[in-house]
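Residue numbers (the working numbering): 1 to 266.
Just so you know, not all the hints are guaranteed correct.
Ranges of calculated distance between the beta carbons of each label pair, as one might list FRET restraints [as the list claims (entries may be wrong)]:
1) Pro25 with Gly247: 30 to 40 Å
2) Met232 with Gly257: 17 to 27 Å
3) Gly208 with Met170: 22 to 32 Å
4) Val85 with Gln191: 36 to 46 Å
5) Leu54 with Glu22: 18 to 28 Å
6) Ala120 with Glu154: 33 to 43 Å
Treat the hints as calculated values from the structure; they're not laboratory data. Yeah, the Cβ is synthetic: ideal placement off N, Cα and C, and Gly gets one too.
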Amino acid sequence: MSRPFDERELMRLVQRASEIFEGEPQVLDVEGECVVVGDVHGDKESVVKALGLLNQTKTLIFLGDYVDRGPHQLEGICALLSAKVENPSKLILLRGNHETRSVNLYYGFYDVVLSRYSQALYELFAQAFSNMPVCALLDGEVLCVHGGIAEGLESLDQLRALPKGDDDPMDPIYVQVLWNDPDEGVETFAQSYRGPGIKLFGTSVLEGFLRKNGLRMLIRAHEPQPDGFRFMFGKRLLSLFSCRHYGIRPAAALLRGGEVKILSLE
Numbered sequence: 001m002s003r004p005f006d007e008r009e010l011m012r013l014v015q016r017a018s019e020i021f022e023g024e025p026q027v028l029d030v031e032g033e034c035v036v037v038g039d040v041h042g043d044k045e046s047v048v049k050a051l052g053l054l055n056q057t058k059t060l061i062f063l064g065d066y067v068d069r070g071p072h073q074l075e076g077i078c079a080l081l082s083a084k085v086e087n088p089s090k091l092i093l094l095r096g097n098h099e100t101r102s103v104n105l106y107y108g109f110y111d112v113v114l115s116r117y118s119q120a121l122y123e124l125f126a127q128a129f130s131n132m133p134v135c136a137l138l139d140g141e142v143l144c145v146h147g148g149i150a151e152g153l154e155s156l157d158q159l160r161a162l163p164k165g166d167d168d169p170m171d172p173i174y175v176q177v178l179w180n181d182p183d184e185g186v187e188t189f190a191q192s193y194r195g196p197g198i199k200l201f202g203t204s205v206l207e208g209f210l211r212k213n214g215l216r217m218l219i220r221a222h223e224p225q226p227d228g229f230r231f232m233f234g235k236r237l238l239s240l241f242s243c244r245h246y247g248i249r250p251a252a253a254l255l256r257g258g259e260v261k262i263l264s265l266e
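Using the sequences plus the hints, can you model the full thing?
Shown next as structure tokens:
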């Protein structure tokens with residue numbers, strides 16, 4: 001297959017981005033207006049449209065799942081990493097469950113990289129993914145994560161203390177923050193269809209976590225939504241999805257002055 005980028009240049013880009021991620025805390029504090037984007041999964045069109053908002057908002061936040069499944073995985077992640085290097089404080093790239101080695105091996109990104117480049121390049125990607133932060137805290141009241149609330153997670157300090165550098169996180173809270181899903185039919189926690197150790201979290205879990213930490217809302221991604229977004233739990237939770245290849249209308253969210261406005265990425 002063709003190589004859209006020179007490998008040496010690409011390795012330098014991924015290494016530089018990894019160093020920036022390594023220097024970021026697990027919970028990034030964000031103030032003022034921002035745009036939040038859900039899963040993109042190699043959807044280059046959504047990536048380009050979202051990055052076009054960089055100059056129109058104070059901060060642009062992606063909620064993870066940049067690779068696997070989609071047709072332009074390398075092009076998409078390289079565009080994001082390049083923008084991150086150029087705008088390290090303005091662009092936030094959180095880690096999703098697909099920014100892990102085991103998921104890349106199963107869902108395609110590993111094969112995409114090796115079909116065009118080398119094992120050494122994939123190792124740099126894996127390192128960069130392992131250094132990505134897991135959360136962003138907006139104006140001290142809106143928490144952004146990829147998946148959701150973990151069983152045993154009580155405070156933001158637990159998120160701040162999560163280790164970096166693991167290709168496949170082993171900490172149960174770390175795993176569930178990347179993998180868990182909300183369910184309005186569940187009160188506390190229930191087993192998820194996604195597999196062992198993954199949970200569905202319900203009303204009392206969300207309300208309790210928000211109350212204990214002085215939060216107003218949780219914004220997450222991880223699940224395709226027909227309209228690209230879904231409000232749940234009386235609008236205390238917003239789920240975003242931004243990849244058109246799932247047959248949906250990709251969306252993002254603008255947060256400004258305490259209000260949430262849905263943006264189309266079509």
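Hints broken by the structure, by number, lowest first?
none
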